[in-house]
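From just these sequences and the hints, can you work out the full model?
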Amino acid sequence: MTVKTVLSIVAGLAVVAVLAPPATPVQHHPDRQKVIFWHMWGNEFQPVVENIAKRFNESQTEYEVIPRFVPSDGAMTKFLLSASGGKAPDLVSQWNPVLGTWSDRGLITPLEEVMSPAEVARYKEEAYPIMKSHATYKRHLMAMIAGVDVNAVYYRMDQLKEVGVDKEHLPKTLEELMVLAQKLDRKDAQGHLRRIGFLPSSWKVMAPSFDGDFGTGERMTFDTPNNRRAAEFVGANQKRLGFENVSRFQASQAADTGMTQPLIAGNFSMLIDGQWRVKQTADYAPNLDYAISPVPPPKGGKPLASMTDPNYLMIPRASNCPKGAWAFMKYWIGVDDPETGGFNTSEMGWLPYCDRVAHSKSYQKYLAKYPRYQTFLDLVASPNLQKFPVSSLQTFVTTEVGKAEEATSRGSLSPVAALQGLDRTVADELARQKRLGNVR
Amino acid sequence: MWFVDCSLWGNLNPLAPLPQRGEGSFVTKVWRENRAGFLFISPWLFGFLLLQVWPFIGSAWLSLTSYDLVSAPRYVGLENYKTLVGDDPAFWKSLVVTLRYAVVSVPLNVVAGVALALLLNVEVKGQAIFRTLFYLPSVLPQVATAVLFAWLLNPELGLVNGMLKLVGIQGPAWVQDVHWAPWTLVLLSLWGVGGGMVIYLAGLKDVPVYLYEAATLDGASAWQRLRTVTLPMLTPVIFYNVVMGVIGAFQTFTEAYVMTKGGPEGSTTFYALYLFKRAWENLDMGYACAMAWVLFLGIAVVTLLLFRSQKKWVNYDR
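Protein chains in written order, with the numbering used here: chain A, 81 to 520; chain C, 37 to 354.
Don't take each hint at face value.
Below are the SDA-like pairs computed for lysine to any residue, each with C-alpha atoms no more than 20 Å apart in a straight line [what the hints assert, rightly or not]: (1) C:Lys297 - A:Trp175; (2) A:Lys514 - C:Pro125; (3) A:Lys267 - C:Leu193; (4) C:Lys297 - A:Ala331.
Derived list of chain A stretches under chain C, where covered just means 3 residues or more per stretch with a C-beta under 8 Å from a C-beta of chain C [claimed, not checked]: (5) 185-198; (6) 443-450.
The set of hints was computed from the structure by calculation and includes no laboratory data.
Every residue gets a Cβ at the ideal spot worked out from N, C-alpha and C, and that includes glycine.
This is the structure:
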């Protein structure tokens, strides 16, 4: 066989590969109604999600959930294109701030249309307030919350021991924590950061501890005295370490997954992170010595406070099988069967949506296995949890907050200027949307 | 073998005589005599009309509407254009970022391309290999290149700063630094200089040898031959590359989208990237269409100016 022939075959195969239609989802039970489920959980979470779907498919005979992983980068665009083309999946998950935008544009179905009145009443009665708040938009249940991300401080005890701190003497206030953080910073001979004691990088995350908030979807306000305190706290600590030093240090971090996630990598002695790290750390570094506590409040601040971010499960308006989608959502979080919900939730390393699931044997077994997780369970019922305002401008506002946070953390804008600028930008956009008739 | 009857296109001239009675209309005549040709190009024609002409016209309409991709477009007149010009600092910032990039990267690419072509035009052993090596980067996918350079330019772990460190220089933070990021992307544009270089090489081959012989007989030095023979004879090719370069620079998107997402602090938010964000993150499709039209008109004006300027500096005298 000549080189030319081989090249021709390769070229031919390449053309076939490019032109071949995409693989159709594998359906193992053609007699059942298909529920196409687009989710964004990759890496180690993908098999967990697929197993939840598999168990659901084995648990009943009416529906078959077919999970499809859609990378988070293009997930929004892909969904919007599919929805506008009238061929959306039957169930979609998202952790981007889309609830207000998608609800206002009629892209997703209010769950009251698929839930029975009894189910609605029970959900409203038993769900933790923060879960209910995330699930509700303009008085309608627009999503189920598969899990809510709550923040706490993780401590690398092996590093804290270097400065004589043990688990019984963790910082009680944010001020104490910062004193400790400075002792834990490490630089090399050239003055480059090699380890950071504690790096508050987002004033959105810190605001609840300072008793700050951003208002509601109808009336967002950023420049408030307590938000200023949070922003100034973040800015001052970035400045202490040097904006460029921090930027370089952060660029040197490996991928935030598995073995290289920051807690295991040990690049930060103390860091704010979500509850899923507990299981992830147990899976990848079972012998790591660490502790968890709620974010210690600053002077005049709030204890047991955290900004929270939801993982939505939503039924697109164009879903061909909304009943099947709802059946799977119920199965996932444990509306009918708390034992199943407890097991599914613990498999993801997440928080249950209500006490009934939290008290299930399966979830209690998880807690017994990972006792550090109790901190998050204490937090999820706290009245000091906050969510970011939900509105049809949610995506725009989140992007602008990100820009303002970046400018603050790099020292390009003072915290006050950043917050004032944010208020102006959001007000301008709101005014424009009103002029266009998109917002009343 | 079928070929287009070019003589018929003379009738496209508005001053040409109209078809006489009995000959049928112009369209009928063109169709009758070129039916086979139109049928042969129909797959392309169909794609062109459906995927280019129709969206082109559609976007003009959408730019006058408020459209979120899901609901029906709603006519808002010139509101999108008014906001763009009078009420959107991010629009102006993205325009400045793009213009700055175009103004620096296009001339830089021309100089680098011509210089490379001159070097690779010298008869040396392995000339073909060198040409291939310099051309290869320009055919690599942009996304793969951007990902590769994101790692190469990592301020702490990257190969570039690692090598600079060996000679005692602390490299900058490249795309992480608000001041360096735009210029890093300009430098990165040189990675694809091989594409232009091949065209310059073809242009160099087209320069008549007798001009060099005459210049040499007149005692011209190598520099004088370059300045008075090579470069003037190369100006049509340079002009072509400048026009294409300007159009490409105004549409810069991939490197910024992959490497910086427009940051840090908007320093690499190019016009096309801002347009994309408006369309797909904010579902502001009408506004994005207005931006696309402003971009189109901007490119058209700049291209027109370049065409008008060519009388002064492009040499078509062969």
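Evaluation of the provided hints:
1. Between the alpha carbons of Lys297 (chain C) and Trp175 (chain A) the distance comes to roughly 19 Å, so the proposed pair stays at or under 20 Å and holds.
2. For the suggested pair Lys514 (chain A) and Pro125 (chain C), the alpha carbons sit about 19 Å apart, so the restraint of at most 20 Å is met.
3. A distance of roughly 16 Å separates the Cα atoms of Lys267 (chain A) and Leu193 (chain C); the hinted pair therefore holds under the 20 Å criterion.
4. Taking the CA atoms of Lys297 (chain C) and Ala331 (chain A), the gap is near 14 Å; set against the 20 Å cutoff, the hint holds.
5. Interface restraint, the stretch 185-198 of chain A with chain C: holds (3 residues with C-beta to C-beta distance below 8 Å; minimum three).
6. Under the rule that three or more residues need a Cβ within less than 8 Å of chain C, the assignment of the stretch 443-450 of chain A is violated, with 0 such residues.
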